[in-house]
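Chemist: Take a look at the letters that make up each chain.
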Amino acid sequence: MTISLVPLIVCGLLVAAGVTLVLERSLVRVLVGVILMGNGVNLLIVTLGGNAGGPPLLGQTPPEEMADPLPQAMVLTAIVITLAVTAFLLAMVHRAWQLRGSDEVSDDTEDRWVRLRARRGELGERVRARQAEYDRLVAEQRAELREPTRGEQLAHRRADRRRLKARQREARKQMRRTIRAERERQALALDPELEGDE
Amino acid sequence: MAALIAIPVLLPLLAAGIKLAIGARLRNLQGVISISALAVNLVVSAILLVQVDTHGPMVARIGGWEQPIGITLVADRLSALMLVTSSAVTLCVMVYSVVSAYDRQEDVAPMAIFHPAFLVMLAGVANAFLTGDLFNLFVAFEMLLSGSYVLLTFGGTQSRIRAGATYTVMALMSSMLFLIALAVVYAATGTLSIAQLAVRFGDLTPQVKLLVELLLLLAFAIKAAIFPVSGWLPDSYPTAPAPATAVFAGLLTKVGVYAIFRLESLLFPGGPVGTLLLWAALATLLIGVLGAVAQADIKRMLSFTLVSHVGYMVMGVGLATVAGLAGAVFYAVHHMTVQTNLFLVTGLIERRTGTTSVNRLGGLMRKAPLLSVLFFVPAMNLSGIPPMSGFLGKLALVQAGLDVGGLLPVALVVAALVTSLLTLYAIAKVWGKAFWREQGEGEVAPEAGEEPVERSLTTQPGLYGPVSALIVLGLAYTVLAGPLSSLTVRAAEELMARQPYINAVLGVG
Amino acid sequence: MEPLLILHAAAALGAPWLVRRYGRGSLLLLAAAPAAGFIYTLLGPEPSSRPWAPALGLTLSFRADELGLLMMALVTGVGALVMVYSSRYFASADPGLARFAAFMTAFAGAMLGLVTADDLLLLYVFWELTTVFSYLLIGHNPESRSSRRAGMQALVVTTLGGLAMLAGFVMIGQAAGSYQISVILADPPQVAPVALVLVLVGALSKSAIFPFSAWLPAAMAAPTPVSAYLHAAAMVKAGVYLMARLGPAFGDATVWRAVALPLGAATMLLGGWRALRETDLKRLLAFGTVSQLGFLIVLFGAGTGAAALAGVAMLLAHALFKASLFLVVGTVDRAAGRRDLRGLSGLGKAMPWTCAAGVLAGASMAGLPPLAGFVGKEASLEALLADPLVLVAVVAGSALTAAYTLRFLWGAFASKPGRKPTKVQRPVVLMVAPAALLAGLGLVLAPLAGWYERAMGAYTAAFPDPGHGTHLALWSGVGPPLLLSLVALAGGGALFLAREPVARLGSALHITDSGVAFWSAVRRTDLAALQFTGIVQRGSVPDYVLLTLLSLVGVGAMVLSYGPLPALDAAVTAWERPEQPLLAVLIAAAAVLALRARSYLLLAVACGLTGYGVALLFLAHGSPDLALTQFLAETLSLVMFVLVLRRVSNPPVPARLPFWLRLGLGAVTGAVVVVAGILAMDARQAQPVGDLMAGAAERAGAGNIVSALLLDIRAWDTMGESTVIVVLTLGVTSLVFLRRTSYAIDRRPPRPRPGRPWLAAALPEKDRALAFEVAARLTFHTILVLSVFLLFVGHTRVGGGFSGGIVAGLAITVRYLAGGRDELARAVPVHPGVLLGAGLSLSVGTALAGLAFGGEALRMLAMDVAVPLVGTVHLSTVTLFDVGIYLTVVGMVQDVLRALGAQVDEQVEAG
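Protein chains in written order, with this note's numbering: chain L, 1 to 198; chain Y, 1 to 509; chain P, 1 to 911.
Honestly, the hints are just simulated from the structure, not real lab data. From the three backbone atoms N, C-alpha and C, an ideal C-beta is built for every residue, glycine too. Hints are not guaranteed to be accurate.
Some chain P residues well away from chain L (every beta-carbon gap over 12 Å; in silico) [to be verified]:
{"hint": "1", "residue": "45"}
{"hint": "2", "residue": "266"}
{"hint": "3", "residue": "370"}
{"hint": "4", "residue": "385"}
{"hint": "5", "residue": "464"}
{"hint": "6", "residue": "786"}
Computed beta-carbon distance windows for the label pairs [said to hold, decoys possible]:
{"hint": "7", "chain 1": "Y", "residue 1": "366", "chain 2": "P", "residue 2": "646", "range": "32 to 40 Å"}
{"hint": "8", "chain 1": "P", "residue 1": "46", "chain 2": "Y", "residue 2": "406", "range": "42 to 50 Å"}
{"hint": "9", "chain 1": "P", "residue 1": "687", "chain 2": "Y", "residue 2": "55", "range": "29 to 37 Å"}
{"hint": "10", "chain 1": "Y", "residue 1": "418", "chain 2": "P", "residue 2": "143", "range": "44 to 52 Å"}
{"hint": "11", "chain 1": "Y", "residue 1": "271", "chain 2": "P", "residue 2": "46", "range": "50 to 58 Å"}
{"hint": "12", "chain 1": "P", "residue 1": "569", "chain 2": "Y", "residue 2": "271", "range": "23 to 31 Å"}
{"hint": "13", "chain 1": "P", "residue 1": "340", "chain 2": "Y", "residue 2": "366", "range": "56 to 64 Å"}
{"hint": "14", "chain 1": "L", "residue 1": "129", "chain 2": "P", "residue 2": "646", "range": "53 to 61 Å"}
{"hint": "15", "chain 1": "Y", "residue 1": "272", "chain 2": "P", "residue 2": "192", "range": "49 to 57 Å"}
{"hint": "16", "chain 1": "P", "residue 1": "47", "chain 2": "Y", "residue 2": "465", "range": "50 to 58 Å"}
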């Protein structure tokens, strides 16, 4: 069959315009975009279906000059379906307007919620890391303490024990502060079931 | 016998018409009509399956028009099996929704809405399984989609409108793609009859063949929720009324999967797309199940497992062996049943507690032991705990994958096993929090963007009936594993052989 | 075997009822199930096999050889005793008792199936079932977080191993061509090492071998009977059993030994070492179990007949003494109310029988003569003499065993200096007897070692590598083994005496628990899942659409990259009809307008313009029906747009992507579509089906081929589409009428007006346009007539149900626009639901009639009836079908007007 470019280009044009609108957020524009695409695609079906010809009416056009009727039937069905879908989507627009005073297609909250929990989880990991670091600090200080240093005098030992105690208290306090800060920034770290270790 | 083929489509439609004519009055009559129509459907499709399995594919020529002029309905093993499963499942769901009086919500509406929409959707599903004409497949899709639009936005709450927008827009995109594909198909081959296409595609250049195949595949992939076009599903399904979600989860994605079965086996045997499908399956499996692990709401978790497990079936198709296809079919049958079942049970949980968020549920095992059992069994089935059907399907696929060998198939086997493990983990998390943990532990503030769901603390024992029936059905697949698996193998062989279908439709031999 | 399993299943299902009926005593009744199994074992069961799912290679085949009998005896015997024990262990008021009874019985059944299955896949089935039941049993009191976590850990770890094992099984089965274990053992196939590794992963994870060992101590959160049965005698032995089962086939593979020996030895040492500083008696025993399991894995990992002989001896001994010890701990716990050895003192005197049982079992565990443990230990040392490295590990392990045994007995029963005796209430007989019985068996069976060896002969002989000959005997003379075990005992004593420093050293050297590793891994998985999903699942529709379109573009790219574009052999023209370019320009202009339009109304109009343009293009292409329908449809949708948009103002909604990007993507998509179209048109060779339609239409007796297609040839499509119309109309209704509002429009009495009004319009004076009303009034019926004309002429000329219906709809619309909703009510007095229903029923009815009388759905029936005076009238169901569609469309329009028109009016007036 002969390929006639103009109708094809019109199809491409309509599809392009439709896509441009479909990618918007306003439901009305999306709907119009779909309709434009639909028109383009319907035209595509007819154009690809066969060459232009006479109307497929027996007795009016000799069969060999007729345009292929099958694509026409397909498109007719498609048109009517598009009409019904338009009605439905318009009702949806109306409802959305009633509810929120806008026809914006808003994002899904649950997915935002997941992203939020992911961020919380990252913070939780950071908290855990700091805690571990702090525990290590305390542990090695303890070890330092426990070391039997017979050579030194008791006074000396008491002195640096006091210093160590002070340092520990300082560290602990600072640690608590940071942790509290973190905890305030995030309600629950990841998942209460997975927190802590045996 | 061939006369029976049209019944599963016509009966629901007739019922819908009658309901509309009698209007919203006589509600009990409404329920009776629907249930009896679906029951008849189940019987008819069972007969069809037996017939087809013994005598090979059966063809109904609509309006008595011969091929390739008219439209044909074709019942072969695959479509009949799908039909039987879907009608059994939908019967249970219909009983559930009649008992749970979801249809009563239309007290507020001036017409019968729930039942007609539901029935038309089912008619569309049946039509999609049966049709032998590519354009009629499009119409069938539109039928089931239109029904699902209405059910999804039922009640018109804010979240349902949002979900409805997502769902509708994506469905329209897939319809557009399908229409483009149809235009291309008719231009290239000049026919719409699937059987004749199977013949005529042979003469096309590989390039055009690839074009057609990929276009159709993309259109179906959206319906089947295969990555990368799967994102819409978890955002739209969970908000619908429980019975609607159940049917969506069980049937609608499977219609897309079924279309892919046909497409890949009948129209494009072999070909370069198998590898592509395997990659898609890999991505779908893992991405879906990771999403499931991430969810804090039972319905959404289930929706993500739904996406993920579609990957199993795609894997089976991608392997392009009889074993693989058989495994995929088996898994489809299993998955239709168990997903519907789980969504219905979740609906029960929602009715009882008013929420499905695990952070606010708790102590259900103590408070509702029966409900816990009803949840635990299908949940274990879904996560592939032997000897239940989920395991059997997975086993078939693993065997098929290792049979084929090679890097990608083996990678898929690994992914399949990992998916199964993570599914179990996600389920166990839900179980531990919603059923084991006492309420109050780890309570969190209500999450954003949620609306109070319809909640009735009056537990209706009648609701346990259909749910238990579905559980029994799921377990029956284990007991009947022998006949069922051999049936799926026969179906797969029939698909791969192609000739039985083609000859039956074109009336050759 | 099946009857036995069914018995267990039935008992499990009946258990809740029994418990509710008879309280904890019913456990004694339930113990009958495993007891029956024990008797059956003694009778010597026959192998049985029947197909289950041949397509999957699944067969229900059971077989009990020597090894199987041993395991059966253990599983059933210990099971029965533990059930008896639990009948007193639990308080009658325990809320979880019913659950426990059911799960425990079910577990016993699953375990029985596991050890008797003769099919790898069947074995896997029971394997996973034990996992699930142990999960449920560990979570016996789910209020405690630790038991929930323990359950989750056990479930995940063992399932992970199980799935790996499944893959291994499938590989083995495919290599052997059968999953039948006896077949595989008969002639072992050549399998890839990875398959064996996978199987071993399963076995090791189930038997809590390093690095999977952490779940077992955690599982001590379960009630003590559960620990005694699952975590000492039965489930943790499953891994060992699997290795023992497959040992004869694959024991000599290098990878087998390379994996099993080091891990087993490491586990033996680590577990023993950890047990030395545990203060909770139960956890102490748990770590002891881990260590002993390592020992068993070493024995079966060696893959020699001798080691296997020692292994089966050790298996039996360990099951006896460890179960007994757990029961003892449970008794102590119940009696003293605590089980931390720091809090216990002087129990030896307080509960002598329990103490005796404990000491007896402990002695067997430490490997003292004349007990079963000693026999096993001797044999193992002798069997392993060949391998010095392993031997050293085992001796060290035995030393640790002796040490923690002493620590256990001392901690449980000794009276500690400076601590007053713990006060206890006397344990009941039913709790002491099982422990004592099991411990006693260790003493009684030891002399039967020789007989036992002969009994196991067939099994051990099956190993290709006999290994260093060894024998089971109570006294095998003074030799290296004896010396070695003396060394071990001495070392153990020393370690016990130095327990305080040892414990300190232990906690000093303690780096990390593999439990910690597990949970942080789980946390990281969760976090990864969250982050990943947060990235992938954007939750925004434009993104999904974008992905879809990109995929479409990708399709185009793939097709182009598949090969060079062929030279077109089809003729190419710019246009076929002169009007086409003109219309193209018009459509382009309208499209641009649509893109730039700010206000929604303008947008709608522009959209409509493109529609009209397309309609004209259809006309130019030679499809008047299409043009007509398109024209009418566009008009109707324009009306609907206006109806809705009169309320919806349009605030600027920011798009997700900038305009130019979207336009660019649109252009690319359009290009893809066009190129695809050209490729397709170029590929056409066959004659299109459409050419056959003229003849078909003639046969159908229709002049208009398109309507013949719609109403007869492809009427099935039309039927489907009319249902779509119906359902979506319902959707409109359900979205607009959310409360039962005055759907039936209330006819308010028309306000008295001067003169006779043209319409009974309810519009306020200012909104009324007399000319319009007159026009509406005058034209209404004319248009209706036209619509009916279109309906009936459609069969032979342009027209048909759709166009007719829409025209009628437009007439109603005009009436409504002119006269408001009262007028709408007058225009169509019928309920739209009825119209829709009737329409749908008509078209479907036609289909069924065709099926009933014509043999095919939708076969159109025609008949000529002679009507007096009129002559013959040609009646055809085609007409009915078309009328159905007409009604459907009218119903849709009317309903849409009521919903989006009248209802919205009310809302406007309501404000």
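Chemist: With reference to the structure, classify each hint as holding or not holding.
Modeler: Comparing the hints with the structure gives:
{"no.": "1", "hint": "45", "in the structure": "holds (42 Å)"}
{"no.": "2", "hint": "266", "in the structure": "holds (21 Å)"}
{"no.": "3", "hint": "370", "in the structure": "holds (39 Å)"}
{"no.": "4", "hint": "385", "in the structure": "holds (39 Å)"}
{"no.": "5", "hint": "464", "in the structure": "holds (43 Å)"}
{"no.": "6", "hint": "786", "in the structure": "holds (19 Å)"}
{"no.": "7", "hint": "366(Y) with 646(P): 32 to 40 Å", "in the structure": "violated (56 Å)"}
{"no.": "8", "hint": "46(P) with 406(Y): 42 to 50 Å", "in the structure": "holds (43 Å)"}
{"no.": "9", "hint": "687(P) with 55(Y): 29 to 37 Å", "in the structure": "holds (33 Å)"}
{"no.": "10", "hint": "418(Y) with 143(P): 44 to 52 Å", "in the structure": "violated (32 Å)"}
{"no.": "11", "hint": "271(Y) with 46(P): 50 to 58 Å", "in the structure": "holds (53 Å)"}
{"no.": "12", "hint": "569(P) with 271(Y): 23 to 31 Å", "in the structure": "holds (24 Å)"}
{"no.": "13", "hint": "340(P) with 366(Y): 56 to 64 Å", "in the structure": "violated (29 Å)"}
{"no.": "14", "hint": "129(L) with 646(P): 53 to 61 Å", "in the structure": "holds (60 Å)"}
{"no.": "15", "hint": "272(Y) with 192(P): 49 to 57 Å", "in the structure": "violated (29 Å)"}
{"no.": "16", "hint": "47(P) with 465(Y): 50 to 58 Å", "in the structure": "violated (42 Å)"}
Checked against the numbered hints given earlier, this structure breaks hints 7, 10, 13, 15 and 16; the rest are met.
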